[in-house]
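*Asks:* Chain residues, written in single-letter form:
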Amino acid sequence: EAQVTQNPRYLITVTGKKLTVTCSQNMNHEYMSWYRQDPGLGLRQIYYSMNVEVTDKGDVPEGYKVSRKEKRNFPLILESPSPNQTSLYFCASSLSRGPGANVLTFGAGSRLTVL
Amino acid sequence: GDSVTQMEGPVTLSEEAFLTINCTYTATGYPSLFWYVQYPGEGLQLLLKATKADDKGSNKGFEATYRKETTSFHLEKGSVQVSDSAVYFCALRNGAGSYQLTFGKGTKLSVIP
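Residue numbers (the working numbering), protein chains in the order written: chain A, 3 to 117; chain B, 39 to 151.
Among the hints, a few may not be true.
To be verified - Label-pair distances were calculated between CB atoms; the ranges are:
(1) B:Ser148 x A:Arg99: 20 to 28 angstroms
(2) B:Lys106 x A:Arg46: 25 to 33 angstroms
(3) B:Gly67 x A:Arg46: 16 to 24 angstroms
(4) B:Asp92 x A:Gly18: 19 to 27 angstroms
Hints listed in this document are in silico derivations from the structure and should not be mistaken for laboratory results. Where is the CB? At the ideal position from N, CA and C, for every residue including glycine.
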């Protein structure tokens, strides 16, 4: 089944404790992206990647890091989480050209709480 | 910059009622327009799209027409069901060479029996 898999789905952590949210897709998509969803603010893009070793900042990159060493994986790293990073996070992927470009496939979401 | 404005929610309708969720956009050039839907506890999924002016996207009984003159892409359904309860997001991609989507804030729809 074509899908984007995120882990963990739920996480409660404390301020300053480094964590990584993994994202993996099995559709050979070039484009991958991370979003956070907050009440009243909709989806805001954190980082995106056009292909392996190519990443760029989205609208709200502060406090986050990403890497794209393999085409299928795009982990989101919070080096020193803070309470304002409490949110629902989504990973998404798509082809980068043709009719499938921007038809994003989303993961099920990762709910992160930072105490 | 580009922006998408959706009607404020939440919207509560009775089953079989007519649905309209308004979406307007600001963008230079000729964007492609999308509606995504998020069912409870799930990620977003594409509902429909339109890539040029006057195109109509449709899926699962939902329709939206790309109106360049009014910069709008309103979502409509003639008869909603309880299973349509979800959050609906309007989005745009601006121009060739851009892979970035700009999302609206979402409109929560609740359909009651």
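*Asks:* Between the beta carbons of Gly67 (chain B) and Arg46 (chain A), is the distance compatible with 16 to 24 angstroms?
*Replies:* The hinted range 16 to 24 angstroms holds for Gly67 (chain B) and Arg46 (chain A), with Cβ atoms some 22 angstroms apart.
*Asks:* Do Lys106 (chain B) and Arg46 (chain A) keep their Cβ atoms within the hinted range of 25 to 33 angstroms?
*Replies:* Cβ of Lys106 (chain B) to Cβ of Arg46 (chain A): about 27 angstroms, so the range 25 to 33 angstroms holds.
*Asks:* So does Ser148 (chain B) sit 20 to 28 angstroms from Arg99 (chain A), Cβ to Cβ?
*Replies:* Check failed, 38 angstroms falls outside 20 to 28 angstroms.
*Asks:* Do Asp92 (chain B) and Gly18 (chain A) keep their Cβ atoms within the hinted range of 19 to 27 angstroms?
*Replies:* 54 angstroms, violated
Consistency note: the structure conflicts with the earlier hints numbered 1 and 4.
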